[in-house]
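K.L.:
Residue strings, one per chain:
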Amino acid sequence: MTLPVQRPRSFLERLFIPEILRGLYITLQHGLHNLFHQDQPTVEYPDMRRVMPDRYKGAHRLTTRPDGKVKCVACMCCAQVCPARCITIEAGEDADEPIEKYPVQFQIDMLRCIYCGYCVEACPKDAIRMDTGIYEINSFTRQDMIHDKAYMTDLMDGKKPLAEKFYRDQPDQAPAGFDGTQDRVVSVDDSRGL
Amino acid sequence: MAHFPTPPLDGHGPVDWSPEDQAEIAELMTHYPTKRSALLPILWMAQRKWGWLSFDVMRLVATTVDLPPSEVYSVATFYTMLKKQPTGKYLIQVCHTLSCKLAGAEQIVDHIKKKLGISEGETTPDGMFTLMRVECLASCGSAPMMQIDDDFHEQLTPDSIDAILDGLAQGQPLPSPRPEVDQWTFRSLES
Amino acid sequence: MENHWAELIVVLIKCVFSLAFVMQIVPILIWAERKVSAYIQDRRGPNRAHIMGIRAAGLVHTLVDVVKLVVKEDIIPDHVEKGFWFAAPVIAMSVALTTFTVVPWGDSLLLPISVTSLWGGTAAMEIPLQVAQINGGMLFILAIGSLGVYGVMLAGWASNNKFSLLGGLRASAQMISYELAMGLSVAAMFMLYGTARLDQIAAQQAGPIWNWGIFGVLNSPSFDPLVLIGWVVGGLAFLLFWTSVFAETNRMPFDLPEGEAELVAGYHIEYSSLRFALFFMAEYAHMIVGSAVTATLFFGGYNIPFLDGAAIRAHSDLILMVLGFGGVPVSLAFAFIAWRRSKRPFYRALAKNDIRHREPRFFISMWTMSALSALGLGVVGALGLVGGTVLGPELLAFALQTGSLFIKVLFGTFFMIWVRWTLPRFRYDQLMDLGWRAMLPTAIGTIMLAGVWVIVREAVHAV
Amino acid sequence: MPTVKINGIEVEVPAGTNMIEAAAKIGIEIPHYCYHPHLTVAGNCRMCLCDVEAGGRGPDIACNMQARDGLAIRTDTPRVKQMRKSVMEFLLKNHPLDCPICDQSGECRLQDYYMDYGQYESRLADPKVTKHKRQDIGDHLVLDAERCVACSRCVRFGDQITGTGELRLFNRTDHTEIGIFPGVRIDHDYQGNLADICPVGAITSKDFRFQKRVWYLTDTDSICTACATGCDIKVCHERNQVFRIKPRRNDAVNQSWMCDHGRMIWQDLTSLGRLLQARVEGQVGNTDAAMQTAVETLQGAEPGTVGVVLGTQASNEANWALWRLAKDALKGASVFWCQGNDPGAWDRVDDLLIDADKNPNTEGVRALTRHDASIGDGADLAHAVREGNLKTLLVLQDDVLGRLGDAADGVAVLYIGTHRNGTVDKAAVVLPAAHTVEQDATYTNRRGQVQRVRRAVHPAGDSRPAWQLLDRLGASLGKAPGASTAAIAFKKLSAQVPAFADMTYRALGTQGLPLVAPQPEAQTDQASQEHHEPAK
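Line by line, the protein sequences give chains A, B, C and D. Numbering-wise (my numbering), the first sequence opens with residue 1 and increments by one. Numbering-wise (my numbering), the second sequence opens with residue 1001 and increments by one. Numbering-wise (my numbering), the third sequence opens with residue 2001 and increments by one. Numbering-wise (my numbering), the fourth sequence opens with residue 3001 and increments by one.
FYI, nobody ran anything at the bench for these hints, they're computed from the structure. The C-beta atom is built at its ideal place from N, Cα and C for all residues, glycine as well. Keep in mind that a hint or two might mislead.
To be verified - Chain D residues, not near chain B, derived (Cβ > 10 Å throughout):
1) T3017
2) K3093
3) S3122
4) R3168
5) F3170
6) N3171
7) R3172
8) I3197
9) A3460
Unchecked claim - In the DSS-like style, the derived pairs of lysine-lysine whose C-alpha atoms are separated by at most 27 Å in a straight line are:
10) D:K3133 with A:K69
11) B:K1101 with D:K3128
12) A:K125 with D:K3331
13) B:K1083 with D:K3206
14) D:K3212 with A:K71
15) A:K149 with D:K3093
16) A:K125 with D:K3128
17) D:K3093 with B:K1101
18) A:K149 with D:K3206
19) D:K3212 with A:K69
20) B:K1083 with D:K3133
21) B:K1113 with D:K3206
22) A:K71 with D:K3093
23) D:K3426 with A:K125
24) A:K69 with A:K57
25) A:K71 with D:K3128
26) B:K1101 with D:K3085
27) D:K3085 with A:K71
28) D:K3085 with A:K69
29) A:K71 with D:K3133
30) A:K125 with D:K3492
31) D:K3234 with B:K1114
32) A:K125 with D:K3212
33) A:K69 with D:K3128
34) A:K125 with A:K71
Said to hold, decoys possible - Partial list, derived from the structure: chain D residues whose beta carbon lies under 10 Å from chain B:
35) L3167
36) E3177
37) F3181
Chain A extracted, bound-state conformation (with noise of 0.2 Å):
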């Protein structure tokens, strides 16, 4: 159902050619622009990449005790509280630890997962984050998108975020495409012109 809608219109808008013409006239603008200058927001991705700000949640990692042994004590917290219901954990006893409880399996189904964080906030052990700015979780498999303890321990072995802050200290060494005073963009076309 169309509702006519009463606008007062003048001459020339109705003649819409002046219009048109304004149109066209702000479009052409914008083409001519990103003709001579390449500063569209667009990452190249798979060459250049963002530096995920810090608070970005990828994909998610469990973390160790300086023994290497998963800092998570199976506690289901983060289970419990997960919407999407996609963390399956069996628990199990660890007769050298102190600390005795420990997970005999830790799974994430990706495919499931919403990213919301939840698991981060409720794990009372800082067991789990999401820090590891890893936005490209796919695989071929509906079976290589459930992430183990094994594949979630070994992620990132604790090197990311140690390194861009490294790099950001000392821009220099940094690898070319990081850019440390920007958290978004690295990619930014600093040729202006052509």
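Given the coordinates of chain A, assemble chains B, C and D onto it according to the supplied hints.
P.N.:
Frame of chain A, contents of chains B, C and D only:
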């Protein structure tokens, strides 16, 4: 703070009462309506006989008074006078309950630790002193205080501790409880 | 022209040329459509595909697209009306190509070739640069162009699909509605030109820029306030014609036959692979032909303003010199830009052994070579090596005039793309409203005004 | 009965009732740790402190205040709140706060009361006192002394219920620690109760250790069918899987306790001998085909040679259905019952809960025999078989062939049961029956208490409740007993058998009802069996 020391599991080995002891126990039992009531005197007997109460001794006592061994252990751990481990020649028990604590029991304990080079529950290598921290010894009026074997030493200062321990180490006899304490107490009561 | 064999060969060559003229622009347009839309929308546009590391601003994507469309599975649904369904894309494409045959892309080529020895013909044949010199050339375009709707309509009907059928119906109704305005506006121009032959129309617009059709074909150096009538006539006719061209090519404000929001993809839902590509290319071919006809009717066709064929032939050396020496700094400037682009962080972000590092080098050397070629061209002109020859000025005139048409066509198609990414689509009732209640009366008015202008013009000439 | 006033509300309770119970009666919860209704009052947690308005002096502990006229207490004053807060702070001072790994979390009194009366802001300056963690104190128990609040419930349980006294509180003040004498582990059959009564996570069950967070579990009220005692239980399950069994309070049956063997009956659900599919002549097949074979066997049998054997392992409903089947569909079939189908080697018997009779429904079947004097006992059955009078036997979960031995060769046995036994191996047709926690039914315990079991999980495999299988069998034979649901079956049972008169599922509730005392005319029928005491 470490948890309270568990008595050493390797104790006296199999122990048993001598016939004289058994006669004494039988006599003790007559003082009480139930066997269970004779537990404390029998524990004292055992401590006199074997020096300290090992699990073996406690098990024997439990059989004697017909109680679960855990109850004997429970009683034994309640009373600090009952020794649950071998001690040195002198057992130093420093009170750390409220009055003494407020009067500086922690400094006293620290001073003794530093002086003897041992921590709580340990015995000096020469076997002279064992340091322990105990609950109230009922001498709050003269805090801070400690008990060496059966004697009180009150209104302690680091200097007085040094004097006492050095004297003991040199083989001097234990100084008797200070008479002026009593005088002081009476004076304060009078006034 | 007594030897029909020679004529036939020449015509065949011209056919191939006109076909090539249209078909080479199609991929450029596909690329331009993507790139222009990207820039208008503040995006980068296609730039990933590359050949040996040369991405060429996304041009490679077009090549890949062609390969993709050719090798994709050709799905023939069971429920389609086979014969018409097969014919539809062919009709669409061939109609678009056929209309181009009457568009002249140059005045004529005088070849001093003796064919006597071969076929006993005359020496020095003059080749008109137009495939078919038909008396009613413009009428031919109108006639054949109208056939284009059959392609769309048949595709829609033969697909045996509700959406397709609706798309086809819309296309028919739309084309009928706008062909009226188109025909009437062309009629107005006929009155001004006094002919329907496109080569004659183009020839009339040679010389100064105010000879162009859009100025009402003044053909007179004197200026009079009454000339404004001509401007109004030419301008109105152009507006009507150009709008109708949009409608006829199913371009953006009028692309209701496709209308993906309500018809999925309209008449070509069921087509895939090369059949779809034919529709796709037909649309662009239509754009090119529409632009070429518009250029011929209103913008001087192949003529370069102030530089008619005779002038080109007379001053060929000078023109060559100006072009050549002028091209050197332009090419160098492009080489410089290519060098500056090599400093972009994008290249720094690439791995050391990435094949795309050669891209800026390639463009720098390409533009440098281009500068050298331009320099050589300038030197040739400066030495006067062309003007004295028989063939040289002819070829130069041919190249410049065809290039002129080429540039005008490119601008026309660019304008179409530009409009596409600016204006929203009409509602169908608005489309019909515009066609019948706005454009038709305007077109009739234009014809009347054209009559007035013809009389006035004669009066002015008489004065 | 004295009347006491709690928060201004008057309530009349029996003399000697303490204030915690009295308050619970009117819906007021008084928090407590050390008080347990079936243990003596210790009064050492101090959590139940209340203001005494009249009939006493100052704040006092509710667990030790016995109802007497004129007593008035308040549990809602600011002072009570402050006292509870202080007690909570005191109890939590040396608590390790390891809820993430503690099995008790979710059903922990410390957690519950902390949320209600917590201090929330820590004033703790000194390091916590550490104690012994993760001690192996029994085959089913793990002790974590740090979590203990020294309520001494477990000590009293050991002293008063089992009389073994392994657990004691050692040391003094904040070093007080629960523990066992070295080498003297807890070795009685009621260990699980220690984990149950521990209000915090100090004593936890090894069997349930880390298996599941308790808040995922759903509780279904049921009863234990490991022996004739019929302890009331809660079956804790999630997603069709049983994780543990806990006792449920029923003062008429088991107070608050149950034995460790009963806690493990859920393992029978998936044990190796479980019958999951029907069998015909030892071949595994589908239930419909086996049912058809059974019907053909029964219909093809000569009249008078068919016998049915009621099972003391099976529910009242199943036995009633079989009895009706014999009476209605199998005209002239003789009915027998026998007792003594021992499912496992659990030879420990005591006078607390563990009964020597391992059949959960002996009294239920006996009630049926009192009603129908024609039901023969085991001796009659053995006699009939030896005489060759019986050629076809329909057996309900009873190892008849195992007991009869070779005498029963040549008898076609149709067996309905849950687990494999000597009869299953020789039976012509075996129909898999659902386990107790997989069905709705009732059982009658050794004291004649009729109690309900409720379905907690789906029947495993093709198994179905025995009453349902018998109903289908009856329908195929021409006259179904009419047990379309367990409730309907029980309704008909109560209408037909006087011992169950006027009982319905709703009336049974959670605690069950005792059997109706036999009518005078019933006494004359089976006088010999009426006062039969269950074997101990």
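K.L.:
Checking against the hints above, which ones are violated?
P.N.:
Of the numbered hints given earlier, those the structure breaks are 4, 5, 6, 7, 12, 13, 15, 21, 23, 27, 28, 30, 31, listed in rising order.
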